[in-house]
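Participant: Below, each chain spelled out in residue letters.
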Amino acid sequence: MKKFILGLFTCSIILTNFSCSKDDPIAEVDQEEVGGATLVFTPVQAIDQDGQVNYEDVEGAEEIKIVFDGATLLPPVGEHYHLEVGESYRVHLLATDFAGRPTEQTFVSRADQHQAFILGAPTGTLDYKYADVDANGNTVNVGVTGYLTVLEHADTFALRYVMRHLNPGVKEGIRAQDWNNEDYTKFTGDNDLDLKFEIHLTEDGHGH
Amino acid sequence: MRKWRILFLSVFLFYGMTSKGQQGCTLQIKGHVYSSDGNPLQGVIITPQAGEQIVSDRRGAFRISQVCTGDLALEFRYIGYTSVTLTYRVFGDTTLRVTLQDDPIHIKDVEIMGEKSGSLSVNTHRLSVQQKQESKGENFAQSLSRIVGVSTLSNGAHIVKPVINGMHSNRILILNNGIRQEGQQWGAEHAPEIDPFLADRFQVIKGAQGVRYGADALGGVVVVSPEDINTERALSGRVDLTGQTNGRGGATHGRLEGLVSAFSGLAWRVEASGKKLGNYKTADYYLGNTGVQEFNYAGMLQYKRERDDLELYYSHFGTEMGIFQGAHVSTIEDIQARIANGRPFESYDFQYGINAPSQRVGHDLAKFSWKRRLTKGRSFSAQYGLQRNHRREYDMRRVESDDLPMADMVLTTHSLDFSVQNDKSTLGVQGMMQVNNNTPGTGTTPIIPNYDSYSFGLFGIHQFHIGRLHAEVGARYDYKYLDIAGYRYQRDNLQEGDLTQYLLTDSRTFHNVSGSIGILYHLSDKVNWKSNLGLAWRAPSVNELYSDGLHHGSATYEVGDKDLKSEKGIKWLNTLLWQSDRLRASLEVYGQFLSGYIYAQPDPDSVRQTIRGTFPLFSYQQHDAFFYGADFMASYDLSEVFRYELSASMVRAKNTELDSYLPYIPADRLSHGLRWQYATEQQVGSYLKLSHRAVRRQTRYQPETDYAAPPAGYHLFDVIASKQFITRQHRSLIVVASVNNLLNTSYKDYMDRFRYFAHQMGRNINIKFSFQF
Numbered sequence: 001m002k003k004f005i006l007g008l009f010t011c012s013i014i015l016t017n018f019s020c021s022k023d024d025p026i027a028e029v030d031q032e033e034v035g036g037a038t039l040v041f042t043p044v045q046a047i048d049q050d051g052q053v054n055y056e057d058v059e060g061a062e063e064i065k066i067v068f069d070g071a072t073l074l075p076p077v078g079e080h081y082h083l084e085v086g087e088s089y090r091v092h093l094l095a096t097d098f099a100g101r102p103t104e105q106t107f108v109s110r111a112d113q114h115q116a117f118i119l120g121a122p123t124g125t126l127d128y129k130y131a132d133v134d135a136n137g138n139t140v141n142v143g144v145t146g147y148l149t150v151l152e153h154a155d156t157f158a159l160r161y162v163m164r165h166l167n168p169g170v171k172e173g174i175r176a177q178d179w180n181n182e183d184y185t186k187f188t189g190d191n192d193l194d195l196k197f198e199i200h201l202t203e204d205g206h207g208h
Numbered sequence: 209m210r211k212w213r214i215l216f217l218s219v220f221l222f223y224g225m226t227s228k229g230q231q232g233c234t235l236q237i238k239g240h241v242y243s244s245d246g247n248p249l250q251g252v253i254i255t256p257q258a259g260e261q262i263v264s265d266r267r268g269a270f271r272i273s274q275v276c277t278g279d280l281a282l283e284f285r286y287i288g289y290t291s292v293t294l295t296y297r298v299f300g301d302t303t304l305r306v307t308l309q310d311d312p313i314h315i316k317d318v319e320i321m322g323e324k325s326g327s328l329s330v331n332t333h334r335l336s337v338q339q340k341q342e343s344k345g346e347n348f349a350q351s352l353s354r355i356v357g358v359s360t361l362s363n364g365a366h367i368v369k370p371v372i373n374g375m376h377s378n379r380i381l382i383l384n385n386g387i388r389q390e391g392q393q394w395g396a397e398h399a400p401e402i403d404p405f406l407a408d409r410f411q412v413i414k415g416a417q418g419v420r421y422g423a424d425a426l427g428g429v430v431v432v433s434p435e436d437i438n439t440e441r442a443l444s445g446r447v448d449l450t451g452q453t454n455g456r457g458g459a460t461h462g463r464l465e466g467l468v469s470a471f472s473g474l475a476w477r478v479e480a481s482g483k484k485l486g487n488y489k490t491a492d493y494y495l496g497n498t499g500v501q502e503f504n505y506a507g508m509l510q511y512k513r514e515r516d517d518l519e520l521y522y523s524h525f526g527t528e529m530g531i532f533q534g535a536h537v538s539t540i541e542d543i544q545a546r547i548a549n550g551r552p553f554e555s556y557d558f559q560y561g562i563n564a565p566s567q568r569v570g571h572d573l574a575k576f577s578w579k580r581r582l583t584k585g586r587s588f589s590a591q592y593g594l595q596r597n598h599r600r601e602y603d604m605r606r607v608e609s610d611d612l613p614m615a616d617m618v619l620t621t622h623s624l625d626f627s628v629q630n631d632k633s634t635l636g637v638q639g640m641m642q643v644n645n646n647t648p649g650t651g652t653t654p655i656i657p658n659y660d661s662y663s664f665g666l667f668g669i670h671q672f673h674i675g676r677l678h679a680e681v682g683a684r685y686d687y688k689y690l691d692i693a694g695y696r697y698q699r700d701n702l703q704e705g706d707l708t709q710y711l712l713t714d715s716r717t718f719h720n721v722s723g724s725i726g727i728l729y730h731l732s733d734k735v736n737w738k739s740n741l742g743l744a745w746r747a748p749s750v751n752e753l754y755s756d757g758l759h760h761g762s763a764t765y766e767v768g769d770k771d772l773k774s775e776k777g778i779k780w781l782n783t784l785l786w787q788s789d790r791l792r793a794s795l796e797v798y799g800q801f802l803s804g805y806i807y808a809q810p811d812p813d814s815v816r817q818t819i820r821g822t823f824p825l826f827s828y829q830q831h832d833a834f835f836y837g838a839d840f841m842a843s844y845d846l847s848e849v850f851r852y853e854l855s856a857s858m859v860r861a862k863n864t865e866l867d868s869y870l871p872y873i874p875a876d877r878l879s880h881g882l883r884w885q886y887a888t889e890q891q892v893g894s895y896l897k898l899s900h901r902a903v904r905r906q907t908r909y910q911p912e913t914d915y916a917a918p919p920a921g922y923h924l925f926d927v928i929a930s931k932q933f934i935t936r937q938h939r940s941l942i943v944v945a946s947v948n949n950l951l952n953t954s955y956k957d958y959m960d961r962f963r964y965f966a967h968q969m970g971r972n973i974n975i976k977f978s979f980q981f
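For the record, the sequence lines run as chains A and B. Under my numbering, the residues of the first sequence are numbered 1 to 208, in order. Under my numbering, the residues of the second sequence are numbered 209 to 981, in order.
Since the hints were made in silico from the structure, they are not lab data. Hints should not be assumed to be uniformly reliable.
[Claimed, not checked] No farther apart than 20 Å at their CA atoms in a straight line, the calculated lysine to aspartate or glutamate pairs in the EDC-like style are these:
no. : chain 1 : residue 1 : chain 2 : residue 2
1   : A       : 171       : B       : 603
2   : A       : 186       : B       : 516
3   : A       : 171       : B       : 554
4   : A       : 186       : B       : 279
5   : A       : 171       : B       : 610
6   : A       : 186       : B       : 541
7   : A       : 186       : B       : 631
8   : A       : 196       : A       : 134
[What the hints assert, rightly or not] Listed next, the stretches of chain A that the computed footprint assigns to chain B, with coverage defined by at least 3 CB atoms under 8 Å from CB atoms of chain B:
no. : region
9   : 132 to 146
10  : 177 to 190
Note that CB positions come from ideal geometry on N, CA and C, so glycine has one too.
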């Protein structure tokens, strides 16, 4: 009997090496969340050269910056933005990670898993061209940088910029023309960013 | 791992120290006790004229040492059988074969009272030898679902949990080799970490078994245990090999066991199993990233003396499971698009590789148990269990590599149980200590915090036997202390528009008294009635109290409530058992009232806005609920060789406070089949079986709490052909060929959480070999 109890006791001693109380927790900084995002609309001049459209900067052009931050990640309350019919804009995404560092290049460096969709505009009012270049100098369709051309007038509407984190192999089935595909959810994956803001497509500088 | 080895070694040496022989009479009598139909009887009390009582083991075997030359009288007693005293003249070592005759009125008691894990007034359902053979290679919950009233809750084909009478996860208790299985069982996508190859007996007890087993046994108990080591032969074993077309893989298992000749009474067993499957296919298409691979192993030492049984057991379960990539959803918009499409948008090819999202789970279990038989049929048992559950969940990450887990939790559980029992009573004390730690560095806020949990229980059960009536009463007291610490977001206090984290610390104490009362009444020699009224409870789980995070796969944001109270349930289970020469049937009817039933309730007025999109907010609430239903099972011998088998079950569940249906309650189901035993009775493993499974559409649901209406009902046909070859004594080979979903029916199941995205598995052709030597 004593031997049995001794054996049980010995086992208990050995096993007490396993932790008997919880560790002090360490705060995790959520790296998977984008910390903040800014969309910058810069007016550019579209130049058609033998059917090939190039975009050049316009000196003194005034940028439109839409900042999404804070807990709600919504643009400033009550703001809406004007874009001119006939004008082209370079749309550039600035994103920051959990530590406030620029992170938009991670989308380009993983171009096989990312693509932005620009949604919500009335049919025929906008045109968009992807203009990202990866580290090897190749053009890739991601949407961190692109050119948006306003084709027709439209009253204020909510425009969405969705940066899609795509499942493996999905990107191969997406074309550049899908930039405004409202069925973008069929390109399965996750949203890294889903930015909504109100926009008004105006003619001859006539807004309100 | 080194600690485990040290533990094994120390106990091995400990055995050696206690095995010295004794002087005096040196003869040995061994033997087996059988029923009149040839089945070994476990638990027969054998009383020598002079000497200590002994009890036959699971093989009906017994051994009496230090017997003197001359006459020896042995009394054999076993409830349900006529007691007998036999006298032998002993001149040398003797081997006996004893057959006990049935006592027709009390024959049903044998099944119940000979089973230590069971209860007198609640029916115990077991997987038969044939069912176990047919289920080899399947996961644990799929194997169990052959038992009437047991269904499954799944996330695809590999992450599957058992559901008993509509309850799952923290509401059922799994007893793995005598130890409460403690993993992260709160999660609907967390399957039990049990390899069916390493267990030989699967039993389901559906009553509220809170008194005997403690907290959480609200819906029922699953008892999983290995056979005793075969001590009749120096070396024996088994090899299993299974293959299946759907997933293009299979599983293998090997077991070796034997005696240690240097230590009389010491036996050993080692075994290992492995599984590898690639993407599985529905009726029409493959599902990407749905492979699985497992490697499991176990070892056991058993030491038996006249009065003592000691056992040391260790097992490791290790699995890696891919999660269908198309089920990874981001927003409500995503999930609705996939529901509208009815099937995945992408086409996938077959592959074995597993990528994110995936799960890797390791579960180690060590057990040391000691049972001492005392005088007058009393015995004392002590058991220590140690479990370490390591769960890592991987997802497609934005910043870090996909190889870095999004969740990395280590749960360590120590348990210590003591009990004293005799023929009629059991008194027990149970203690458990748990430590849960989240491994830092995942780059995501853990869903559940770190915690310590201490629990203690004290129980007593007593049985009465008055003529045809048998009764049992039980009472239990439980205490649980929970202490947590974890970082959470301060959502109600934004600092300059930004979220800040704070350290949440909290402790909770739970007390509960539970009880049970039950009867077994022999209405006739063919019909028995069992009735059990059981009160069980559970403390709210850590995720229900403190979760605060996004659940991919369901596109929900879940928020716990740290003020939740214990959930208590009282279940009344009535069973009618019929057994005649040709018909065996059971009807179980139950009703269970739950006070403070805890569930995640969608809040239609509240969403969680993140930069990734908008998610519906589910908050944990508790309301009273009522479950009721019935399970029916029958087996009728149409002739000497043909048998018809049928099982059917239904369950209903409502939130009685809100008068609403509860989600994820199994739909009505029926399974029946015809079996042809085409070989002699000695080859019970030689038969053909055609079966049909029918599941109705679940019509009792709340549309506002689900993304889609439950899918249509379905019918499946399966065929099984089994052949048993007995090559020579102690050797047999069983070959089972089967086709599941014979007609390759395309269907979805309401209890599959992937039903939004994909169909269930299509036709699957299996071949299984089991060689025993």
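Participant: Each hint needs a verdict: does it hold in this structure or not?
Facilitator: Hints, one by one, checked against the model:
1. The suggested pairing of residue 171 of chain A with residue 603 of chain B holds, with an alpha-carbon distance near 18 Å, which does not exceed 20 Å.
2. Our distance criterion of 20 Å between C-alpha atoms is broken by residue 186 of chain A and residue 516 of chain B, whose separation comes to about 65 Å.
3. A hinted pair counts as satisfied when its Cα atoms are at most 20 Å apart, and residue 171 of chain A with residue 554 of chain B qualifies at roughly 11 Å.
4. Taken as a hint, the residue 186 of chain A and residue 279 of chain B pair is broken in the structure, with Cα atoms around 85 Å apart against an allowance of 20 Å.
5. Distance hint between residue 171 of chain A and residue 610 of chain B is fulfilled; the C-alpha atoms sit about 18 Å from each other, no more than 20 Å.
6. Between residue 186 of chain A and residue 541 of chain B the CA atoms are separated by roughly 10 Å; this keeps the pair inside 20 Å, and the hint holds.
7. For the hint pairing residue 186 of chain A with residue 631 of chain B, the CA-to-CA distance comes to about 65 Å; that exceeds 20 Å, so the pair is violated.
8. For a cut-off of 20 Å, the pair hint linking residue 196 of chain A to residue 134 of chain A is broken: about 27 Å separates their Cα positions.
9. With 0 residues bearing a CB less than 8 Å from a CB of chain B, the region 132 to 146 of chain A misses the requirement of three and the coverage assertion fails.
10. Given as covered by chain B, the region 177 to 190 of chain A passes the check, having 7 residues with a CB less than 8 Å from a CB of that chain where 3 are the minimum.
Checked against the numbered hints listed earlier, the structure breaks hints 2, 4, 7, 8, 9; every other hint is satisfied.
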